[in-house]
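Chains as they are written, first to last, in our numbering: chain A, 227 to 573; chain B, 510 to 841; chain C, 20 to 516.
If you are wondering where the hints come from, they were derived from the structure by calculation, not from laboratory data. Wrong hints could be hidden among the right ones.
Partial pick of chain A residues on the chain C-facing surface, computed with a CB cut under 7 Å [said to hold, decoys possible]: (1) T414; (2) V415; (3) N426; (4) G434; (5) S437.
Please read all numbers here as calculations on a predicted model, not as lab measurements. For every residue, glycine included, the Cβ atom is placed at its ideal position computed from N, Cα and C.
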Amino acid sequence: MNGLRRAFNSDTFLGLVRYRVLVILVLAVVISAIVAPSILEFRSISLSLDRIATTGLVAVGLTPVLIAGQLDLSGGAILALSGITAIGFQEQFGQLPAAALGIVVGILCGIVNAFLVVILRINSLVATLASMLFFRALSHTITDSRPISGIDPLFGLAVSRPIEGTFTLRTIIFVLIIVLLHVWLTRTVAGRNLFAVGSNPASAEASGIRSRVFVFGTFVFSGTMAGIAGVIQSLSVNTGSPVFGESTALLAIAAVVIGGTRLEGGRGSAIGTLGGLLVMATLTTVMEFKNVPAFIQDIVTGVILLLLILLDRFVSSKKGRDVSWTALLRSLHRRRQTPEIERTHAP
Amino acid sequence: MSDSSTKTHTVSVRLVKESPLKRYASAFAVPIGIVLLLIVGSILSDRFLTVGNLTNVIINMSIVGIIVVGMTFVFITRGMADLSVPATVAVGGILVLSLDQAIGTIPAAIVGVLVAGLAGVVNGLLIGYAKLNPVITTLATGIIVLGIAQAFVGGVIVYGDDTAAKEFINGRLFGVVPVIVLIFLVVVIAGHLVLSRTVYGRWTYAVGSNPDATEASAVPVRRVKAGAFVLTAALAGFSGVLLGISLQAARPAIGAGYEFDAITAVVVGGVSLLGGSGSIPRAIGGLLFVQLLTNIMVLQGVPSEPQGMVKGALIAGAIALDVWLRRKGGRE
Amino acid sequence: MTAPAVLRMTGISKTFPGIKALTDVDLTVRAGEVHAIVGENGAGKSTLMKILSGLYQPDTGTIELDGRPVRISGPIDARRRGIGMVYQELNLVPDLSVEENIMLGATPRKAGFVDRKALRARATEVLAELGTRIEPSDIVGTLSVSQQQIVEIAKAYASSPRIIVLDEPTSALSELEAQALFRVIERMRSAGIAIIYISHRLREVIELADEVTVLRDGRLIETRSAEGITAADMIRLMVGRDLTDVFPKREVEIGDVVLEVDGLSRAGAFEDVSFTVRAGEIVGLAGFVGAGRTEVARAIFGLDRPDAGTIKVGGVERTIHAPRDGVAAKIAYVPEDRKRDGLVPELTVKDNISLAILDRISTAGWIRAGEEKKLARAKATELGVNPPVIERKVNTFSGGNQQKVVFAKWLATQPEVLILDEPTRGVDVGAKADIHTIVGELAAQGVAILMISSELPEVLAVSDRIVVLHEGRLTAVLDRGATEQDVMRAATGEVTA
Chain A
227 MNGLRRAFNS
237 DTFLGLVRYR
247 VLVILVLAVV
257 ISAIVAPSIL
267 EFRSISLSLD
277 RIATTGLVAV
287 GLTPVLIAGQ
297 LDLSGGAILA
307 LSGITAIGFQ
317 EQFGQLPAAA
327 LGIVVGILCG
337 IVNAFLVVIL
347 RINSLVATLA
357 SMLFFRALSH
367 TITDSRPISG
377 IDPLFGLAVS
387 RPIEGTFTLR
397 TIIFVLIIVL
407 LHVWLTRTVA
417 GRNLFAVGSN
427 PASAEASGIR
437 SRVFVFGTFV
447 FSGTMAGIAG
457 VIQSLSVNTG
467 SPVFGESTAL
477 LAIAAVVIGG
487 TRLEGGRGSA
497 IGTLGGLLVM
507 ATLTTVMEFK
517 NVPAFIQDIV
527 TGVILLLLIL
537 LDRFVSSKKG
547 RDVSWTALLR
557 SLHRRRQTPE
567 IERTHAP
Chain B
510 MSDSSTKTHT
520 VSVRLVKESP
530 LKRYASAFAV
540 PIGIVLLLIV
550 GSILSDRFLT
560 VGNLTNVIIN
570 MSIVGIIVVG
580 MTFVFITRGM
590 ADLSVPATVA
600 VGGILVLSLD
610 QAIGTIPAAI
620 VGVLVAGLAG
630 VVNGLLIGYA
640 KLNPVITTLA
650 TGIIVLGIAQ
660 AFVGGVIVYG
670 DDTAAKEFIN
680 GRLFGVVPVI
690 VLIFLVVVIA
700 GHLVLSRTVY
710 GRWTYAVGSN
720 PDATEASAVP
730 VRRVKAGAFV
740 LTAALAGFSG
750 VLLGISLQAA
760 RPAIGAGYEF
770 DAITAVVVGG
780 VSLLGGSGSI
790 PRAIGGLLFV
800 QLLTNIMVLQ
810 GVPSEPQGMV
820 KGALIAGAIA
830 LDVWLRRKGG
840 RE
Chain C
20 MTAPAVLRMT
30 GISKTFPGIK
40 ALTDVDLTVR
50 AGEVHAIVGE
60 NGAGKSTLMK
70 ILSGLYQPDT
80 GTIELDGRPV
90 RISGPIDARR
100 RGIGMVYQEL
110 NLVPDLSVEE
120 NIMLGATPRK
130 AGFVDRKALR
140 ARATEVLAEL
150 GTRIEPSDIV
160 GTLSVSQQQI
170 VEIAKAYASS
180 PRIIVLDEPT
190 SALSELEAQA
200 LFRVIERMRS
210 AGIAIIYISH
220 RLREVIELAD
230 EVTVLRDGRL
240 IETRSAEGIT
250 AADMIRLMVG
260 RDLTDVFPKR
270 EVEIGDVVLE
280 VDGLSRAGAF
290 EDVSFTVRAG
300 EIVGLAGFVG
310 AGRTEVARAI
320 FGLDRPDAGT
330 IKVGGVERTI
340 HAPRDGVAAK
350 IAYVPEDRKR
360 DGLVPELTVK
370 DNISLAILDR
380 ISTAGWIRAG
390 EEKKLARAKA
400 TELGVNPPVI
410 ERKVNTFSGG
420 NQQKVVFAKW
430 LATQPEVLIL
440 DEPTRGVDVG
450 AKADIHTIVG
460 ELAAQGVAIL
470 MISSELPEVL
480 AVSDRIVVLH
490 EGRLTAVLDR
500 GATEQDVMRA
510 ATGEVTA
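Chain A extracted, bound-state conformation (with noise of 0.2 Å):
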């Protein structure tokens, strides 16, 4: 027993779960390959990045959600209803203007669930229960129920269409959101503070960071990301349908925290959102493959996700171990220095 606490406890396990996202992705990638080789090719990847996309853009909308620590489960809602409105209105202004008044109700969307969360201090989760209902509904009003057609089945190929043999449009577009992101929560201060807004929000608040603004503004750009995901997928399929989006917001969700994103706020990763993804989709590409049935396919993603936030709340009360590269390369120039202070384990 002492000796399995004791692997539990190692650097090595701990790195591990660390960098889970890599290692799960490499695990996934080497299974692809043994159980259908096929995967490999470039085509193959740049159809499953394809597919994965349009969700992709969901989950990077969602990922500063859950780094301020809120929730938010509007965003399969507001994909359909701003589809909708890029095919719905597309007569009337013509397809460009339509697919950007389609992101405009995106942005409206996420203003009305930040007005939920951060005005009315609405608990997050029952917010954007309550606002996916009232849009889902929407949609289904506006539409009557029945998917509504664009008028030029051409003009979304552009969006789906691989350019120049190698990625989608919608793959580019996602991809340079996500870059963007990491870029932004790595590198500038108000990605930073984001951070100490999700993590400890009172001393955020002390240190003068309004936290109130910044969850406004993550409710605002998550919107805006679903809106954007639903325009591009009714072009794409040249079809606005009320329906939908119905799974994204828990394979959004998912994809976030198997990149790592911890649900109670305060840590996360736009590439290892990326990370989630990818290794969603070459999941699915597998089972997709071999023919496994879709309901398999759930079932695959629901135990995946439950193992993931499982092994984060065991190893999240292994606090005092830094696993970070820099720490790792230090700790082992450090063995032959004595340490100005004895590390001690939080008890």
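Mind docking chains B and C on chain A? Use the hints.
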């Protein structure tokens, strides 16, 4: 430490006086709302205030009502919400119909409830003992359980052919009281009695209100919290069983939306998300309110979609009101 | 040639309902000076500091910074004015790095982006000035507590304060870690910062301080130079008072040993604690905040698990891993923080009183409501809960009454061992006397009582014997007739058992 020259200023700082406004608003809001709806409804449509129509309302709310009982426990114990309800409902419905030919309807029903309860045990362990976030956990277990249920039946619709059971469930006792309503009432009364008169019920309130003090009072906090989820899953499974029998058909999506309906009812009824307060009568009151509202809209010819919008707005409104009242009453 | 006064607080008084926290207190602190404030628990130290940090406003008196009268409106204002507070509860963001935490809210920026070079430079500068080798790139959550404390100090230091207040900075530190802290303090002193140092560890005060201010019962007793001061001097000032609140002690026949604690240890909290409590005996558990008294109590009751040692009740060794075991062993624990651990606010008085014994008044899970009501009413009346309306929510009662409800709950379990943790804290004089009478009654009935209290007069008046803890170790077991000085000496570690 205090010397005899202590002067006391009369500043009420630590006493939390229950503001009468909050107390009355909170207790009477829903009944008044129901009365208002009854009045408005009867004005808008002559068909509203008929026995037939009102009976329909109650029949419609019976299935959700059973789930609401469980969800109330979850709320009061500060378990946030149980989003795995669609899955456990489906489990109940699917199992009762797939097994009824093999082992008979009633044993199949029991199996359905037990398996659903098992899902609840998993939830309970993860949330009560491992202390995971209830929202994500129940979402994830819901997906897993639903997937397993679908795998079990190969992803198709299950049909049953026990017409006797179907007629029974859909029929009326003594030609007057619908059986399903009776079952619903039994569950509600049982739930209310457990919550208000038993040790477990008292523990539920204590855990939701102050888990630390409750733990220090030698109460098994984790077991109580886990129990709420087991109960909800079992009740959801039971309502799925009833649904399945009454329709003699069960799709995996049979439970879709029930979790939101249950949460809406509980929230509108004034049961707080933060735990420690509320009751089953209140939750059922909230359910009645929502059902009456829906009924009025249906009678007015409002299509089902905008009804969803109203429901969403209702949840938001009810919670905002609760938050506001709490702040007025001096509690954060 | 004395340095100019950076801070001058004059005639500060502050009253809370029922408690006069500060009466006419003066404090003068100069640049480059370490000014220690000592006093018992409740002497007014933290209230004075909260006024300085702007959390409270004084009822009377003035505050002058650099000779100019100011009104400090709140914590952010205090910081702007150059007052840096370092509390025991750290205010850091665990997932950000040391440098990010140090400059939080004032991060150097270049067009919205973090100016990494400037950030690193400033952080390195601060850390170097404080003489610590903590790396700016370390993630705060991975540092040890003592290191985090230094980061917290660095954070206060980075805003170029004139004054830094350290509130019990070494209570969670080992000797070695404390030395590192002292080096940092030394650096700050030479940088001309005025340092206010609040601590119970008199030896540290002697080592570090230039000036010492002693508070007692909210009043200033003396401010003097630390030159040549001894612990005995300080203790005499902290403690010497007339025992105006003497509660009559009943003469009770003391029976056999009921509770026997042997070699009890819990890493980081206390070590090798052994004592006994007899039936009808009141054993006082004394020591400063952080000495480990509550931790020992919690371990005996089952809220925490000890690493070593045995607990015997009535001669039988018990394994106590959870409160349920404690209750089964006939132990009851009235907790220190009644709001957090004692009462369930949304429930009624009746429900609170019956909470720990529900399984005894129920049949097959069904609560015997009539019996519950009778029991609750009896206990409430017995303890003098006023008004004895058991159907009212407990959070509508005053502090004294709430404490009585907590008592009622635990007395309902009919314990053989009763542990009281600060039973009269935050309770008005009338209720205090009531509680003491109740405790006396219980002793007369043969209950073995272990009482933790920070009020020396109370401990001395009520206890048959006094067990004194100092930093997790038992330093003395005193008999009735011991003086406050005796207790203090053991509590500050002057005496070792």
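Against the structure, the hints come out as follows:
1. Annotation: T414 of chain A was flagged as interfacial toward chain C, and the flag holds, the nearest CB pair being 5 Å apart, inside 7 Å.
2. With its C-beta approaching chain C no nearer than about 5 Å, V415 of chain A sits inside the 7 Å limit, and its interface hint holds.
3. For N426 of chain A, the interface hint holds, the least distance from its beta-carbon to any beta-carbon of chain C being 5 Å, beneath 7 Å.
4. Using the Cβ-Cβ criterion of 7 Å, the hint placing G434 of chain A at the interface with chain C is satisfied: the shortest such distance is roughly 4 Å.
5. Using the Cβ-Cβ criterion of 7 Å, the hint placing S437 of chain A at the interface with chain C is not satisfied: the shortest such distance is roughly 12 Å.
Of the numbered hints stated above, the single one contradicted by the structure is hint 5.
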